[in-house]
Amino acid sequence: MRILLTLLLMFFNLLSNANEIEMADVMRSNGKIYVVVSVLLTILIGLIVYLISIDRKLTRLEKELKQK
Amino acid sequence: MRNWWKVVTVILLIYTLIGGLLIEVPRQHILYESIRNLYFHVPMWFSMIFLFFMSTVNSVKELSKNDLEADTKAIELVNTGIVFGILGTITGSIWAKYTWGAWWTNDVKLNGSAITMLIYMAYLVLRASLEDEQKRARISAVYNIFAFVLLIVFIGILPRMTDSLHPGNGGNPGFNNYDLDNNMKLVFYPAVLAWILLGWWMYSLRLRKRKLQQDLSL
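If you read the sequences in order, they're chains A and B.
For the first sequence, the residue numbers in this note's numbering are 1 to 68.
For the second sequence, the residue numbers in this note's numbering are 1001 to 1218.
Just so you have them, the derived chain B footprint on chain A, three or more residues with Cβ under 8 Å:
(1) 21-31
(2) 44-57
Result set (DSS-like, lysine-lysine): computed pairs, CA atoms no more than 30 Å apart in a straight line:
(3) 57(A) / 1211(B)
(4) 1211(B) / 66(A)
(5) 1006(B) / 63(A)
(6) 57(A) / 1006(B)
(7) 1065(B) / 66(A)
(8) 63(A) / 1209(B)
(9) 1209(B) / 68(A)
(10) 1006(B) / 66(A)
Keep in mind that the hints were calculated from the coordinates and are not lab data.
Glycine is no exception: its CB is placed at the ideal position from the N, C-alpha and C atoms.
Construct all of the structure, not just a fragment, from the sequences and the given hints.
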C-alpha cells in the first residue's frame, strides 16, 4: 500500500513537472523585462517622431506650393 | 484637429507594445512567451490586406470614373502594403524557426503569402513598364483587382482547405478558438487597429509626397 502511494505521488510529481511551462518569469522577477520594454519603447517612439517630422515637412511644402 | 487619428495611432501603438510585453498570456508548450508575437506578426498581415483592399477600391473607382487620382492612391496603397507584407514574412519566418524548427516550411499558408507578395511586386513592374499615363492607369487597375482576388484565394481559401501548421487553417484551429483568451483580446484588437492606422498614416505620407512631385512637374 505504501509503495503504491509513493508511486502515485511520484507520478503526480512527474505530471506537474511536465506541465510547467517556462515563461519569462525570471526576467520578470528580477525586473529585466522592463529593460526590454524600455528599449523597444525608445525605438517605437523614435520611429514615431521620425514619421511626425516627415509629416510636418510635407505640410510645410504643401503650404509653400499653395502660396506660389 | 484633423490629425486626431494620428494621436490615437501613437497611443494605441505604445499600449500595444507595453501591454503586449507585460500583460499575462496563457502558458502553452512550444509557444511559451513567443505567443506575444501574435500582437505584432498577425497585424502586419491585417494591415497589408487592409491596404491592398483599399487599393482595389481605388482601382475600381479608376475604372468606373476614369479618375487618375484614384490610380495614384492605388499605387501608393500597394507600395505601403508591400512593406507590411515583407515585415509579416520576416517576423513569421523568425517565429517559425523557434516554434516549428525551420525558417520556412512548404506550408500552404506560407507559400500562398509568398505568391501573393510576388503578384503585388509584379504590379509594380507592370506599372513601370507602361509609359502612357491613361493606359497605365487602366491596365494596372484591372491587374490590381485581379491581384486582390488571387490574394483572397491564396491567403484566405486555399490554406483552409488543406492541413497546415499555421494556426487558423486546415485541421489546426485559429488562435481565436481557445488559445486567444480574454487577456490577449485586450491587447490583440487594439494592436490590429494600431498597426492598420500606422499603415494608413504611412500611406498618407507617401501619397502627399507623390502629389507634391506631380504638382512640381506640371
